[in-house]
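Chains A and B are the protein sequences, given in the same order. Anchor point for the first sequence: position 24 equals 400 in our numbering, and the numbering is continuous, going up by one each time. Anchor point for the second sequence: position 54 equals 70 in our numbering, and the numbering is continuous, going up by one each time.
Warning: the hint list may mix true and false statements.
[Claimed, not checked] Output of the computed footprint for chain A on chain B, the stretches with three or more beta carbons under 8 Å from beta carbons of chain A:
no., stretch
1, 34-43
2, 128-142
3, 188-199
[As the list claims (entries may be wrong)] A few chain A residues that don't get close to chain B, going by computed Cβ distances all over 10 Å:
no., residue
4, Gly387
5, His402
6, Gly405
7, Arg413
Rather than coming from a laboratory, the hints here were simulated on the basis of the structure. All C-beta atoms in this analysis are idealised placements derived from N, C-alpha and C, irrespective of residue type, glycine included.
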Amino acid sequence: MEGELAHIGAGLAAIGSGAAAIGVGHVAGNFLAGALRNPSAAAGQTATLFIGIAFAEALGIFSFLVALLLMFAV
Amino acid sequence: MPSRSQSIAELAYGFIYKMVEDICGKEGLRYFPYIMTLFMFIVCANFLGLIPTSFTPTSHFAVTVVLALAVFITVTVLGFVKNGAGFLSLFWVSSAPLALRPVLAIIEIISYFVRPVSHSIRLAGNVMAGHAVIKVFAGFAAIAAVSPVAVLGITAMYGLEVLVSFIQAYVFTILTCVYLKDALHPHH
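Work the whole structure out from these sequences, hints included.
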């Protein structure tokens, strides 16, 4: 029984990966919106863009990790 | 006229040099060799993993946790050596209202100690996730009806992995620079 529940939990944890995709999309989309308004300032902010994407993506990776742990370690 | 390998080396050197200078300032350049070494190691390890049947060191937590812990310990020790007890002002947000500062201090301390966790898991997780997805598509290739789609999927994921390999090395390095900047200038 516990094995099946772990699989359901892994599936639920995988929802977090999709949520992280929304977050990364927000970061990149807002960057593009800002960059098109003021293209001359965009080049200096690419580092901030990547940091923002990395922070948003890290949480999705955490949920992926939880899913993997539930599948193979529990 | 520089040869091809020299051009690539100069490109990589200039890229990381500018990144360290932009984020940490002039005094951060003393630590440029360490950051350059980190970047080259991670980017080479990531790209090595893209050769079919080869092994990717950075997909293992044992490797990335050691890299992230090395950065964390270096940056913490450096912060105390450079600023003394003044390094603790990193956790005391002087721009916030006084009543809010103890709460913020707790949050800042937690986020400081989560740094090596997220730093290492981000790299290993991204590399491992890409490989896992390729493995899943490779599993579909055994079913004749969907095998063309599976081959296309593997090709597309491989292209994405080339991008991810570079971006994750870049992100790891840029976060190292940000942490280094916090150690050199802890005042908000």
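Outcome of the hint check:
no.	hint	verdict
1	34-43	holds (count 3)
2	128-142	holds (count 5)
3	188-199	holds (count 3)
4	Gly387	15 Å, holds
5	His402	17 Å, holds
6	Gly405	17 Å, holds
7	Arg413	22 Å, holds
In the structure shown, no violation is registered for any of the earlier numbered hints.
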